[in-house]
Amino acid sequence: MDRILRPEGWIILSDTLGTIEKARTLAAQIRWEARVIDLQNGSDQRLLVCQKPFVRK
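For the sequence shown, this note's numbering begins at 1 and goes up steadily by one.
Among these hints, one or two may not hold up.
[As the list claims (entries may be wrong)] Derived DEER-like restraints, expressed as beta-carbon distance ranges: (1) Val55 <-> Thr16: 28 to 36 Å; (2) Leu13 <-> Val55: 32 to 40 Å; (3) Pro7 <-> Asp44: 26 to 34 Å; (4) Gln51 <-> Glu21: 12 to 20 Å; (5) Glu8 <-> Gly42: 33 to 41 Å; (6) Arg3 <-> Ser43: 28 to 36 Å; (7) Arg3 <-> Gly42: 32 to 40 Å.
By construction, these hints were calculated from the structure, which means they are not laboratory data. Since the model is a prediction, treat every value here as computed from it, not as a measurement. Where is the CB? At the ideal position from N, CA and C, for every residue including glycine.
Please construct the entire structure, taking both the sequences and the accompanying hints into account.
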């Protein structure tokens, strides 16, 4: 997905907490900015919002 997404592009994932945490770990490894957002109180659903940074060489 890193090759498909343009610099400064966004990815939004909605899933359970376990899956979102795994995806957040992967996002950190490929140096994307990532944050997790709670959808509802008492729910296991979360949003992961990631942005691929613009890297100048």
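Earlier hints that do not hold, by number: 2
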